[in-house]
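Trainee: Full structure from sequences and hints, please.
As they're listed, the protein sequences go chains A and B. If you're matching positions, the first sequence starts at 1282 in the working numbering and goes up one per residue. If you're matching positions, the second sequence starts at 7 in the working numbering and goes up one per residue.
If you're looking for bench data, these hints aren't it; they were derived computationally from the structure. Beta carbons are placed, not taken as given, at the ideal position from N, Cα and C, and that holds for glycine. Treat the hints loosely; a few may be bogus.
Computed far set for chain B versus chain A, every beta-carbon distance over 12 Å [said to hold, decoys possible]:
1. THR52
2. ASP76
3. MET80
4. PRO212
5. ILE242
6. SER255
7. GLY258
8. LEU284
9. ASN326
10. GLY346
11. SER376
12. GLN415
Computed footprint of chain B on chain A; a stretch qualifies when at least three of its residues, placed anywhere within it, have a C-beta under 8 Å from a C-beta of chain B [claimed, not checked]:
13. 1417-1426
14. 1446-1454
15. 1458-1468
For reference, the chains in residue letters:
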Amino acid sequence: MKLTKTALALTIATLFLTACADTEDKDPNALDGQTKQSGINDASTNGLNNGTGINGSEIGGSNGTGEYGSAGFNGNSHLGPEFSDPSNPLSKHTIYFTLDSSQVQPDFVPVIAAHAQYLIANPNQHITLEGHGDERGSREYNIALGEQRAKSVAGMMKIQGVSESQLNVVSYGEEKPASLGNDDAAWELNRRVEIAY
Amino acid sequence: MAYFKTIVMIIIFSLVTSSSYAALTIEITEGVESALPIAVVPFASTNSPVAISEVVNADLARSGYFIMLDEQRMTNHPSSSQEVNFKEWQALAQNHMVVGRVETNASGQYDVQFQLLDVYKTSQLLGYRMTVSAADLRRTAHHISDLIFEKLTGKKGSFSGRIAYVTSSGAGHQQSHQLQVADADGFNPQTIAGSLEPIMSPAWSPDGKRIAYVSFEKKTAAVYVQTLATGQRERIAEFPGINGAPAWSPDGSRVALTLSKDGSPDIYVLNLVTRSLLRLTKSLAIDTEPAWSPDGSHIIFTSDRGGKPQLYMTPSAGGNEKRLTFTGAYNARGSFSPDGRNIVMVHGNGSSYRIAIMDMSNRAINVLTSGPADESPSFSPNGSMILYASKKRQTGFLAAVSIDGKMQQKLMFNSGEVREPAWSP
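Mentor: Here it is in structure tokens:
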């Protein structure tokens, strides 16, 4: 017990001595603790200063409008009434895809063709094809997948005679989901290309 | 001062040699076989705004290396080694204990003192005293965790590091996105960039001073590098098509990224000094998510050239591309452990996406998490933990898992969805 007491007294001495010891010219093994003592004094000062030194820069949204995803067709007054006529394929502006695929399904061929014809008839009109994916898998891979989807729609339009200069392609991957759900129904809605005028 | 040094050395040696108890040796080389019992005694404190011992306790618990003694089993709360009756703590089967106190001083700052004690040797392993401002108490606690962790495991602690991540709030037209930096346990979040358009793929420079990320603020993808201290930033890639997945070379001179300007997404290396661009892959398939080996000699990436996404590797100067993963239908977003021996990745089977680690020596894959929507894994700087993003009931959160998969922890955030964590070097 006497030994323990001695050890304790020495322990306390060490605690306070290390607080003022510096670290040069020492056996690195024996003085590991002191090296770090010096280390934490320096590091905590610098590190902690850094901690309050992170300055933010607020970036504005592109137009400051808060516009989300593709523009709604109703909001585009320059577009004709055919875009809001449910019986006209131009009223459809979303092409859906199957899992991990960028192949256009037959159902959507008439929709793409209708938009292509409109663009051919209106050569000054530009559109953006926004590619999207569902949330599954990794995000940057989904960016690539979304671009493949948008490019396959663009390719079909070009084959029909649309000028490349009328088409802008951007992929948002899974970053702008149409549906926030985590099930098959939501994923189907999110694997898409939006045609934005 | 030299006199004091000599005294200190003598004291340390005498503590080591005077041990009358059988030493419990702590030898952790590869992974963790068994966690070490440790008691972090609540620090004595008059009015500290931060419960330092609680922060330390949570840090050490999260590492997976320790079994923390429940406070309710402690019969008393010594605040210095003088007050410790080691027999009590031996009876509780504790290998180590941490005691300390926080006191306000005359200048309005806080004196923080702690000791790490070996319960069986009845000796001190560490003893420090620091004076800090109230704002720095929390980071001081993380520094203490780092010191304890390194002393007991031989590995550098990662607790005082920071994490960058992307968060979004609102939905639909109201959605906004922020790039934030917080302490490694999720506290003290600061927004360093915000946009109404998506922000993605934050990556720390090796010196921890800059972050590269992707922003769609101009309704097209661009890669930016932002200096944390000033908030200033530079656009380093804005080519037609995809500009994504930035990854710093270990020497900080280059950034690997994904560009689709020449057709399909391929891996490029941008030299930040000369601005020269080296195209590494030329497949017609998707190549993305580059990550450097720790020595900078190789880059791994995700490619679906074989039909499904798998990991491939190429020399970072260009050369033979070889496939790395053959187990599982979906392996993506790989990154190396700091020692280069393992790769962590998203491992999917079509319905569930989990975090898995692959041993590079034998290509064995060990699945660490339960999914179903785990993504964006990366190692802590000391290689002992993996930080990743997960999702439950439509809300994204960050989680950490020890590399043996035994220890898992969810990191708490105030609100909104949180994703794409990146641990500072």
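Trainee: Against this structure, judge whether each hint is valid.
Mentor: Hint by hint, here is what the structure shows:
1. Residue-level check passed: B/THR52 sits 20 Å from the nearest beta carbon of chain A, beyond 12 Å.
2. For B/ASP76, the non-interface assignment is confirmed: its Cβ lies about 26 Å from the closest Cβ of chain A, beyond the 12 Å cut-off.
3. Every CB of chain A is more than 12 Å from the CB of B/MET80 (nearest about 19 Å), matching its label as outside the interface.
4. For B/PRO212, the requirement that its beta carbon stay farther than 12 Å from each beta carbon of chain A is met, with the minimum near 16 Å.
5. The Cβ of B/ILE242 sits about 16 Å from the closest Cβ of chain A, beyond the 12 Å cut-off, so the non-interface label holds.
6. The Cβ of B/SER255 sits about 18 Å from the closest Cβ of chain A, beyond the 12 Å cut-off, so the non-interface label holds.
7. No Cβ of chain A approaches the Cβ of B/GLY258 within 12 Å, the least distance being about 17 Å, so the stated non-interface status holds.
8. The Cβ of B/LEU284 lies farther than 12 Å from every Cβ of chain A, with a closest approach of about 19 Å, so its non-interface assignment holds.
9. Residue placement check: B/ASN326 keeps its beta carbon more than 12 Å from all beta carbons of chain A (closest about 22 Å).
10. At roughly 21 Å from the closest C-beta of chain A, the C-beta of B/GLY346 stays outside 12 Å, upholding its exclusion from the interface.
11. Residue placement check: B/SER376 keeps its beta carbon more than 12 Å from all beta carbons of chain A (closest about 15 Å).
12. Every CB of chain A lies more than 12 Å from the CB of B/GLN415, the least distance being 22 Å, so the non-interface label holds.
13. Against chain B, the segment 1417-1426 of chain A contributes 9 residues with a C-beta closer than 8 Å to a partner C-beta. That satisfies the three-residue criterion, and the hint holds.
14. Only residues whose beta carbon comes within less than 8 Å of a beta carbon in chain B count, and the segment 1446-1454 of chain A has 5; three or more means the coverage holds.
15. For the segment 1458-1468 of chain A, the stated coverage by chain B holds: 3 residues have a C-beta nearer than 8 Å to a C-beta of that chain, and at least 3 were required.
No hint from the list above goes unmet by this structure.
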